[in-house]
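Single-letter residue listing:
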Amino acid sequence: MNSVSRRKFLKISGATIGVAAAGTALLKTTQALSNKAAKGVQTIPTYCDICFWKCGAIAYVNDGKLWKVEGNPLDPLSNGRLCPRGTGGVGAHYDPDRLKAPLIRKKNRGEEQWVEVTWDEAMTYIAEKMQKIKSQYGPEGVALFSHGIGGNFFKHTMKAFGTPNISAPSFAQCRGPRDVGFRLTFGEDVSSPERTDIKNAQCLVLIGSHLGENMHNSQVQEFADAVGDGSTVIVVDPRYSVAASKAKYYLPIKPGTDLALLLAWMNVIVSEGLYDKEYVQNYGFGFEQFAATLQQYTPEWAYPETGIDPDVIRQTAREMERYKPATLVHPGRHVTWYGDDAQRSRAIALLNALLGSWGRKGGFYTPVSMDVPAYPYPEYPKSEKGKVDNPDHKYPFAHETITNGIREATITGKPYPIKGWFVYATNLMHALPNENETIKAIQNLDLMVVIDVIPSEIAGWADVVLPESVYLERFDDLNVEWFREPFVGLRQPVVDSPDDQKPNWWMAKKLAEKLGLGHYYPWKHIEEYYEHRLSAAGLSYKELKKNGIIRGAKQPIYFDEGVPAEFPTPSGKIEFYSLQLQEAGFDPVPKYKRPTSGPPGSFRLLYGRAPVHSFSRTQSNHILMDMMNENEVWVNAEIAARLGLKSGDYVRLKNQDGVVCNKVKVKATERIRPDCVYMVHGFGHNSRMLKFAYMKGASDAQLLTRYEVDPLMGGTGMNMNFVTIESEVA
Amino acid sequence: MARFGMVIDTTKCVGCMDCVVACKTENQVPEGYNRDWIVQDVQGKFPTVEMEIRSERCNQCSNPPCVSCCPTGASHIHEIGGVVLVTKDECIGCKACVASCPYDARFIHPDGYADKCTFCIHRVEKGLDPACVSVCPTHCMYFGDLDDPNSNVSQLLRSRKHHSLMPEAGTQPNIFYLT
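Going down the list, the sequences are from chains D and W.
Numbering-wise, the working numbering puts 3 at position 3 of the first sequence, and it's gapless, one number per residue.
Numbering-wise, the working numbering puts 62 at position 62 of the second sequence, and it's gapless, one number per residue.
Derived from the structure by calculation, the hints contain no laboratory data.
Hints are supplied without guarantee of correctness; some may be wrong.
As the list claims (entries may be wrong) - Example chain D residues on the side facing chain W (calculated, C-beta under 8 Å, incomplete):
#, residue
1, L82
2, A224
3, R673
Cβ coordinates follow ideal geometry from the N, Cα and C atoms, glycine included.
Isolated chain D, as found in the complex (with noise of 0.2 Å):
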């Protein structure tokens, strides 16, 4: 992170919000609790939580009970719309198969046999078990896996404890390799929300990124804008996606060969002299070197690989330049998929350095944030094993905890074991390839515990199942985000929890307090640590409890602006050409590797997202299971025709290594390639509690046996497997 021009940024918002300190006395008793009486339609702002981009949202609840939830007009977020997730966010807190009580496994891991136990049984045994592990191993011997802002307190009372082994999903199974391609190009992240200004882009490129089906809402609105705008788009994917729909050029690119069609780009933006000459000169770095390798990569190389026609490769390239510096090669989000993805997303990086949109208007702006000062905490023990996921750092550019690393200590002990497993919000079933291997780690645990709101096949492997209150019962850590303009979001509760689920500040808490660091807790009820951290922030709690939402005035975003261009790469500048990377063994600019291919017959397994879940997290909403109750695979339709398949007919697909996975309904199309078939990422699920999502629908993750780790990051590449079909005899 720049930090040294965002101090800057920060102390003007500071200055400017100057809003009195709310001396108010604490407002003790939830707006929940006083529902219950009430009569008629009240409206409370809270934000969402169905997936992780925060929206801003109005929930409206009618004579006590919940009705409906609507975006929040003050939210730079949401801008006041949801997307159909968040619409249909009621259906968590209604959901029938939500756990309800703390759980205590009774028989085998894995058999979901439990006995309800109180949260104090529960919290009292957990916090035996880590101080068993703690004095055979040392507090590092716990790991705690956290998807969401929900995790914040239970990584809080990690620290606390001792670990530094905390980790997500959300870096080796999904962005790591894109902000790992931009750190090492222009020494910073693209950061989540991305900071990409899509609203203001002329031209923008999407490579395998399908907004629209993929709601993260602030993009998808702003990329119904540009679309509404008359902005080119260009489309590459496999697969013709609703955002293909929309494109000018849509490049129906084979799998797993994107990287030769960004250098081909390159080459052609740099032989023509297309690039933006005035930005390179002034930025770059190793630019002569950069283009020296370049010159192999034409066009008509690419042809063979891609099976992109060299004169759409040219005039695609011609149109980025035309648009420039409003051209936005989008950078995408789940991005692990071949495992040299930290390269080809350097390439995209590399590309819009060419194209000068880092720092510029309709490329990528700088985002800001307001300066709400954390608690001051009590320090946290220095841990001195270090971290278990990266020994040696033989991922030397992973700048976050890598979860398969984690769980490769887990099954080998080594560098040092680990025998507790925290996880929290994450179905890591579903988020890690390979379900053999978790399982394996999970064997070797002496505890595991699970914190979600709905059974997920992970909980059916725990020790301990904590049930959390859903996002619209409960508080949760300020939303302090970086985005186009500052602002504070508040989670609070809108109606109670309708069983024994508890809010995850609440059980960190009483975790920490069962172990005996309870001074790592120095307030309270968590409005009192809203009340010290936005009073430090010349902030009001009332104002911010009554609106959801407090903008900070609006800061400069682009370089134009006047924010300073500024690099933290070694060298100061954009790296075309990186030093670093050659001097720990890797190319300095990325080099084009063909892909395997699959056994003759098969086809490659690709996924993605619907508009209608998240992740495995949905499945058992009623209301968004209503719009989307199973997935499809998708087969080419000539495909199918010669298989004797028809949409709605049932399949297996069978991977390389002969895994079969639920049966699942053909969606026979003109919108994919031949040789590749495409399922929505999230169904299939196999834990016997979820009832109503059960067996609906197939798990991509099942078949996801294979897969390719980044040398770079240890991202795991998933697109790696291959399926065949067989019919399903109804």
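Given chain D, work out where chain W should sit, using these hints.
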């Protein structure tokens, strides 16, 4: 008299179904039923494909067969905006209207009456947009008075290419799709 209609920009619509979800929560549409839905109309052969994405619902026709075939008068044209509505208490659930609708927009509610899109008349009467229009994250839907030449919807229809669904059925639909 006003004639309410919708104009939907298919070039911006991503088919996310937010309109369908919003209708469901706003109007408490029971599980297994929807008053609106998404159609992805795919033409061509891979990779030369075109796709129109449409949010569809009752077309609030000016010549509605569901009203003329209703034996009890439950299906009627509302005095405000010409919206086609069903008076629950007068409906006997005979399904004549369900069969008569060329758009397949009606269903029998589990409580026994014919149900469908109301253009959220309860919201419109308060000056709000229908729920589907108000939530759409792509801002691709517009609601207004088609008889008012200055309304947003009338202006859009004057300036943009558009079509309606099955105009040949003679129902005079009041939902239009910009292309």
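ask   = Quick one, is the D/L82 hint okay against chain W at 8 Å, beta carbons?
value = holds (7 Å)
Cut-off 8 Å, beta-carbon criterion: hint that D/A224 touches chain W = For D/A224, the interface hint holds, since the closest Cβ of chain W sits about 3 Å away, which is under 8 Å.
request  = For the hint on D/R673, just tell me whether its beta-carbon gets within less than 8 Å of chain W.
outcome  = Holds, because the Cβ-Cβ distance from D/R673 to chain W comes to roughly 7 Å (cut-off 8 Å).
Hint violations for this structure: none, all hints satisfied.
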